Each structure stands twice: as C-alpha cells, then as structure tokens.
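Number 261 in our numbering belongs to position 227 of the first sequence; there are no gaps in the numbering.
Calculated directly from the structure, the hints in this document are not laboratory data.
Since the structure is predicted, the reported quantities are computational estimates derived from the model, not experimental observations.
Beta carbons are placed, not taken as given, at the ideal position from N, Cα and C, and that holds for glycine.
One or more hints might be untrue.
[What the hints assert, rightly or not] Here are the simulated DSSO-like pairs of lysine-lysine, each with C-alpha atoms no more than 27 angstroms apart in a straight line:
1) Lys739 / Lys716
2) Lys1087 / Lys220
3) Lys169 / Lys180
4) Lys440 / Lys522
5) Lys505 / Lys531
6) Lys251 / Lys610
7) Lys440 / Lys716
8) Lys531 / Lys610
9) Lys148 / Lys882
10) Lys556 / Lys543
11) Lys180 / Lys68
12) Lys1060 / Lys51
13) Lys127 / Lys610
14) Lys823 / Lys66
15) Lys505 / Lys188
[Said to hold, decoys possible] Derived DEER-like restraints, expressed as beta-carbon distance ranges:
16) Glu1074 / Glu104: 56 to 64 angstroms
17) Arg1105 / Glu1074: 37 to 45 angstroms
18) Glu584 / Glu655: 20 to 28 angstroms
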Amino acid sequence: MDGRYNPGEIEPKWQAKWEEQGAFLAHDDSEKPKYYCLIEFPYPSGQGLHIGHIRSNTAMDIIARKRRMEGFDVLYPIGWDAFGLPTENYAIKTGIHPREVTRQNTDNFRRQLKRIGFSFDWSREINTTDPGYFKWTQWIFLQMLKKGLAYKAKMLINWCPSCKIGLANEEVIDGKCERCGSEAEKREKEQWMLAITKYAERLHDDLDTVDYLEKIKIQQRNWIGRSEGAIVKFRISNFEFRNRSNSDVDWIATSKTPRNDEEYIEVFTTRVDTLFGCTYVVVAPEHALIRGQITVNREQGTDDFSHPSVLNTGQLPSGRGAGSGEQGTDDFSHPSPRKAEELPSGRGAGSGEQIVGSGEQGTSLRQGYGMAKQGTANGEQIVGGMEPGVGIKNWEEVRAYIDETKKKSEMDRTAEGREKTGVRLEGIMAVNPINGEEVPVFVADYVLGDYGTGAVMAVPAHDTRDFAFAKKYDLPIRNVIMPHLIDKKNPPREGKKSVERNTIHALVKNPKDGKFLCLEWKNHPWITFIVGGVEEGEDVVEAAKREVLEETGFSNLEYVETLGGKVQSEYFAAHKDENRIANTTAVVFELRDETREPVTEEEAAKHSILWLSLDEIRNREMTCAELDFWLARLEGNEGVFIDDGILTDSGTFSGLSSSEAREKISAKLESEGNGKKVVKYKLRDWVFSRQRYWGEPIPVVHCEKCGIVALPESALPLELPEIDGGYSPTDTGESPLAKIASWVNTTCPTCGGPASRETDTMPNWAGSSWYFLRYIDPRNDSALADPEKLKRYMPVDWYNGGMEHTTLHLLYSRFWNKFLYDIGVAPTSEPYQKRTSHGLILAEGGVKMSKSKGNVINPDDIVSDFGADTLRIYEMFMGPFDQPIAWGENGLVGSRRFLERVWKLQEKLTTHNSSATSPCADPLAKTSGQPTKIDRLLHRTIVKVSEDIEAMRFNTAVSSMMILVNALEKEPSISNEAFGIFLRLLSPFSPHIAEECWAELGNTESIFLTEWPVADPVMLVEDTVKIVVSVNGKVRDTFEASVEATEDDLKAKALASDKVAKFLDGREPKRVIIIPGKLVNVVV
RNA sequence: GGGCGGAUGGCGGAACUGGCAGACGCGCUGGACUCAAAAUCCAGUGAUGGCAACAUCGUGAGGGUUCGACCCCCUCUCCGCCCACCA
C-alpha cells in the first residue's frame, strides 16, 4: 500500500482486470449449481443512469457476488429495454433516427454502469431493439396468434385532436394531452389484443408456488381480481319480438339456447344470498338489451358460465363464422391454450390501466396502454338482429340517456361525486327466479358494461350503490340480511332453551327536549327502550305503538321512521329464563302530546319511565345489544348493511347465514336452470397495438383474399423500414409505418396476391415480457434459446424490481412465460422464483427527481467526487432498502470516511505485505486459543452481514461493519486473517477497495474467488452476559453474570443490589420475574 | 371508499420473537494538532431539573393487555403509494 486511498485510481484498475479475466461470466457448462440474479433492465433514456438504478443494481450485485463466493455459478445479466416513447419523441423533435438515439444512450448507460463496478456478465448484453432480439419477440407473437391468444378487436384509444396522434395513457394527464394540453378524446380503433384473461386463473393460483413478497402477491391478486359469485337469470316478461326477418344471418338456427319466447337478463352477483332483497335490475348502457344490437366477438372465450351476458336471442355467430355455439362453453377452470385453436374474439373493453409513474428510475418497463381502459366499448360489430330497444316503450328516452353517457368523458363519469343516474326501461319487467317476483329494469351507467355480465340485480338494502340509486329514484328497499350480534352483557347460556322472536324497539322522542323514552327495570339492572314482541302477522309499527301504550301509556304518537332492517341478537332473557334470538326492528316515534292512558298494575310493577338524551343513552349502560346500530342509523348513517349476516324474509332460506345461503340458493337456481356459481376476474385482455414507429412491427399482413395472414417464421425478423424525417403518427391515428407505401404493400405469403402489412407496432412491454429467457442464450439464431441452457438457468432465482411493475410487467411476463411453457419452450411454469422490491430514491425534500425541477443527481459527479465504492455503500446504508428515501449528500461523507478508515487499517496489520501466499485461505484458521473480544465481534459481524444481505437489510449490514471497523481501529494491531475476513464481508458492497486491500495483503487471486466467510460457532458463544435489573419494569441496575447462572443466582444477585434496595425502600418484593440471560424484574 | 405501508433526537435511521429506546452515520458542541484553516484524532450530544450523583419525562394522539409495550389489541389523527361505481 502506498499512501492515500485513491478510488479514482484503483476503481478503473480493477474494473479493467475483472473484465480481462472474465471474472463475472456465467458458464453454461459449469459444474457448480447455477444462481440467476435478475434486475429490471433499464430503459436507456437520454438523461443517463438514475441514482435509483444504482441502488437496486448494487443490491442485486451484492447478492450475486456473495453467491459466487458461496460456490454458485452466477448469471447476473444486463441489457436494454430500448423501444419506447421518449426516444421516439426525441426522434420526432430532432429527426435523428431512434436507432441512433438508442445507440448513444446505451453507450452512455453502459459506460456509467461499468464505472460503478457491477458484476454483470456483459457478454450477454441484450437490446430489445436489436433485430436479432425482436425476431423472437415477433416469433412469440406468431405462436400466440397460432394458439388463438392474439386477436383483433375494436377498442377506444386516447386521441389528441390537436396533435392528431394516439396517446398512451401516461401521455394523458388529467384528461389532457401531455404535450399540447388539449382535451384528449376517445377514438375507436381496431387493436391487437392478447388474451391474458385465459391465464387469469393460473396467474392467480400459481402465486402460491412462488416466493414473492406478500405485498406483491396481494397486488397481483387484486389486479387479477378473482371473485366468486353466481350468475342469476332474470326472465323478461312482456318481451316483444320484432324484426327477426331483417337479420342477414339465421340467428335462431345458430343460437345454442333452445329458443322460446322467454328472454333473460343474466346478472352476476357475489351476494346471491341477498337475492330476496332484489327490488330492481340494472343493465349497463352497453348491454345488448338496450343497445338492441347484435354483436359478434363478444364475450366468447372469456366467460365461464354457460350463457352469454345478454339476451339469448342476441347470440350470433362470431365474425369468423365459428358459430356462437362455442360461446360460453369454454371451461376456464383448466384453461389450456394448446387446445384453443380458434381466434377468441374480442371482449373488448379492457381493465383500467394504471400507469405508475416510475420517473426515470427503476426501469423502462413502464410504457404503453397496458390493459385496456375500463368502461370502454366492447369490440363489437353490428351484423344484424333485433332493432334497437326491442320491447322498450320509452326507447327515445333510453337512447337519449345512452347518447349522453357516451358523451361523458372518462373524467365526468368518475368525477363529480358520481351521482347515479339512470332511466327505467318502460314496458318490460324482470322476473326474480327465486320468488317469481316482477321487478323493474333500469339502464344506468353505474353498472359497467365490461365487468361480470354487464347487468346487476339491485339490492339497495345491502349495497351502497344500489342504495344511492334507489333513494334517488324512490325504489323500494327490502332488508333481507340481518346483522348478527351476541349480547356481551347477557350472553346466551348453555342448556337453556332458545326462542326466536320478532321484536321491536320503540324509540319514542319527546320533541320538547329531544329525550327518548326509556324503561328502568325494577327486578333487573336494566335500562331499555320500549321493547316487545311482534305478533304473528302484525305490522311492526303497530306492534311498537301497542307496546308503548301498554308499557308506558303514551298514546298519541307520530310515526317517524323505521331504522333500517332487522338486527338479530342472541341473549339470555333472565325474566323468562330462556335464550332469545331476537330479530329486532327499531321504530322511531315522536310524541304529539303527553297524553297518557293508565297502565296496568302488572306493567307498572315491572319498570318505571326514564327520559334520556342521546348523550345519556350513549353513556349509560343501556341493555341493548343493537344500540350501536340504532344510534348510527339515527344519526343518518342509512341502513345499508353490506356485510354478511343472517337471512330474513327470504322464504325457506330465512335463518341461514349468508355463506350457507349462497351455497343453497345457487344450488337451487342451478337445479332449476336459473343460474349457477361462477368465478369472475377483473383482469382484462391486453391491448397490444401501438400506432408508433419505434416498436416491434407486428408480423402479419392483411390480404384481400385470405384476411389476416401471419408471416412465415422464415420472414422474421420483420424489421422497421427507414423513414426520412417524420416519425410522427399519421393524421388518421395510424402508425407512421402506414405512410411508407413501399413497406406496407407486399404480397400475401399464402396466396401470393396483394396484401398490406400491419402497421401497428407492439407496446414496449413486449420485449420485457421474455428478456430473462434471452439472457440465457443471447446470440442463438435458430431458437429463442437453447432448451438445455434454459433448463440449466431457469427459473430466475431472485428478481428485484420496483413496486410500480408488480401489476403490469410482472403479470405480462408471467403470462408470456406460462404460454411459452405451455408450448414447450420455457422449462418452468413460473419465471421468477423470488421477487422483492426496492424503494425509490427521491430528490432532497422527498419529491421526485425530474429534469424540469433541476434536482436530478448525476451519478458521474458522485463517482468523480467520492468514488464508486462510496456511492455503492452509501446507497446501501442510507436507509431500509424497500422504503422510499430522499437523497442527501450528507451521508456520503460518512461513507467515504468509513472507507478511508478501512484503508488506514492496513497500517495496523501485523504481517504487512510479508507473504506472497494467501494467508486467509481458511476463514476459520484462527480460532484456536483464547478468543479475543475482537475475534468475537468479527464472527458476530460475519453472521450479521450474511443474514442481513439475505434479508436485504443492507443498511444494518453496513452499520455492523462500521462497528467492527471502529473496534479494529482501537486495536494496537490487526491480524491479516481478521482483516481478510472483514474484506470479504465488505467486498460485495465496495468491491474495488476490498480487492485492492486484498491484493495488498499479498494475495494473487481475486477476493471474489475466495469463499464467503462462515462464523465459528465457538466464537459466538459468550461466557458472561449482562443482566438488567429492573424494579417495576424500570431499569435500575445491571450486572455481569455467567451464562450458566441459575435463576436463583440471578435473583439473589439482583436483590443484593444497593440500587434495587433503594427502590424497594424496605418493602418485600411481591414477585420476581427472571428471564435467564436477560433480566430480572422485581415487582413490589 | 378499498388495499398496502409508514409516523422514533436537529437529520437519515437502529432495536432479534414483548425485556437497557435512540445502534450506525450525518450534523452540532468542546478539546488536541495547526501561525491559521481544511483534513484527521479525542470527548460529549433525546428533553427537563440539578454543581453533581441522580431523578422525572420520552417512540403521532388516546385507551387497553402485561411484571414489563416502539413492538400485541382497540379507537383516532396525519403522511406516502396503489386501486377505485368490479355487483
């Protein structure tokens, strides 16, 4: 060692050596077990490497380096997710070819990453824009097309009328075009779709087989949105057929359902237990019943119930002529894309895409439309059928409503407090199959056309949305679920008989002072409202009035309201010596005057009258289990009870719990052909088209004769044509590719006739959906990757990335991998064994770093000023890895000082630079003799650092190394062995300084070829421990004790303490709690 | 509205499974070195009271469980992220 720590000198030196030695290459033929570390490959933006990239890359670099030292052959690859909007926009602005921009940016990123000293296998670098790469992206698309997972459908896209281009969702800010600020519109366009919904169940269930952070699993599950429920068929009465004749298809013949004059609305519900409370039915504006339009490409393949979501008569053959007989027959409990040969047709609307602003950090896996926006139109083509509004008498009004809905922007539909609107369909009624009751039918936009069946049974008593709608349109509210309570004060007693009764609580208010009439019982310590039973067939209000009169004599009451539905409570009725199951209705009255009739002596003997204000009721011990419900409802929290409970007024199902009732009611419906249990997913198919230049061309042509024809695999890669100048999309919203006639016009691979190329390109999620496979065999020209190599490396053992990618990217890539697994390409069903996430690095002040704010930190500056090792260790030390953290320069100084101190430790080495052989071959070499304090600390540090790395607690790992260095500094001398062990612990964090010091120790071999230190158990055993003595839980003293000290020893020693004696103050300890090895607590 | 996460000194953050709150780092204060400064080193650093030993208080607020609570339970406030009329 010569003098000062100079990272500017040693860092490039070691980087060059490692590269020269191929130190971090993965070996396909290695004997060692493999370990595949993956980070999300960056989008090479013009802004250069973000400080956040360094944090996540360093974390995985630490794991990769540790794994190598643990004897694994590690694959830690890197590449570029280089298709994407910023590059394209830059090209539009400057006219520079995106390929050139990409080249410059990747060069810069590569240079920056290499300066940090990451142990990437650079020989496997990939780039999604490289034809040798996207050849296989296109190939996968063709396989999906073959298996019927890729299809075309009409979709709404965001459209800027001023810029005349389609906008990705992230380009629409608050409903406006990001660039020009004009209001974005929706425009219908035919789009390529990928049927990810066919994999919904497996994507959901297989999460059980992988080791992802729980929060990631939760997000994935929520996104997939599995819900169990039931389809219920409501027959439409008064339905009038019209206009069958003008259909150009024989829909009757192709309709799978036996035709009769009954038509149905099918609703999806998760709460079939509330079916008796249904007082109307609502269909979405998009629903076929009111569109009255027959559509194709609807639903098929995405639903797992036996009937389509619209009128049975609406069924028509799909556009491909496959016949709608197929429709609905797919059973997706075991989806097998291998079998799915038909083009599944467009269930058009997609789910809400969320673009999660990841800033420039994290990775580029961030663009595109993602899954389609919710609430957009179904991909439908009108081919004939009924005329609009069949059977609907107020069709004009209905159509006006629908038109209005269409005009509403996405914003309006979700903003403005979401007041519910709708129109009743006059002339038709729906029949509730469980009780034969006719209920009205509405169209309302609070029902979504693309979820479930596009129709709901409305149960206002038990659904807040239905409730709001029912209130507004004055529809009946029927309570059929009772909350269930057990009275805690008088719980039911075992062995007593149970009696179920309908009861009332009368809440009688005196308008003079606002107080309520209560009863104070004489033989029991009770205060109650006026309580009583409801006679068979008696009206609850009448019953309540009667009870008030009988018990108190007040006779002139005005009925105010009934407080929601019944509440069931179980309690022990001491005055009757029996358990009661009381189904209680609360009725509110006001006194018109204080007229009182005489009360029988018997009643008068039982209780006396008490007037209590609401506050008193709340504070006094009322004997009323239902009190909380009554108070809430009195205060205007209307009686919508949305939880599970006990059924009431539900025919033979009354008395069942909600969950029992769901089973039994759906079983009954199914046995009668009126419904069945189903599972639904919120997940929508993936909109896969972009009207952009800088993406993978979709490798199909449109032939006048043959329709959509896939390119043969031999024609791949289909490369982008050169464009002079304009990379802007066309005025029509088509991709810029559409402008290049020489490229568009081609011949059909099937018939040789004229054909035009598809001009849409793929979203840049495409390239990132399978890149982890390509790393394994990145130069293979004849296959996506060699199957043997795939088998060696897959699955990815550890994949770390940002939470912003847990829904879209993670789901897309799992989907593609599963598809590739199904067609025999990928060796594992799940691509990633383990997934963790990092927190973002924010700018100082906790805001996002952005060019416009001028608060972007350039890693080059930090490396120049402090060194890569300092930057790395600081980013690990600054805070918990999984939490967002604000950047601050302050801590950097401390990290640099730490490395300086490490450097200086070399001066204390006992055998400085004296040996050419490796003095630290065996990490446990020096465990003989009496372990010193330093030995023990060293070995504890080995344990701490090892464990912390595995748990990604890098901050505390660094802290424990600092503690060790602080202690080593105080030693007069340090053994080479001890220092060597420490260097190995440090090496994954700050590899250059560790390697340099290691070489200075006289080692000729890289520190990364040594083994990861293992702690000697002997060194971890302490012979004395510090025992804390507390009195009443407050620490008063401590003492050293042997680890073998018995409880009695500890107790005696603790009680002998002067300080304890002082706090005992002569009193005898009541109790002494002894936790061996830790503390003694004296209780007085 | 729903889900997830968070709140600890002047600051970033520690605290295993309920057992000495504030590790480690930054900053600050004092000292050493220096003509001086930087760098480095040493000591101190939660608040309050006290010359001090020491005592009391203290982990967003309020309750509870416990011998003992940053940690578990209940209620609430605030912050972040994600989703959001999903039947």
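*Would you list, in rising numerical order, the hints stated earlier that this structure does not obey?*
Structure breaks hints 1, 2, 4, 5, 6, 11, 12, 13, 15, 16, 17.
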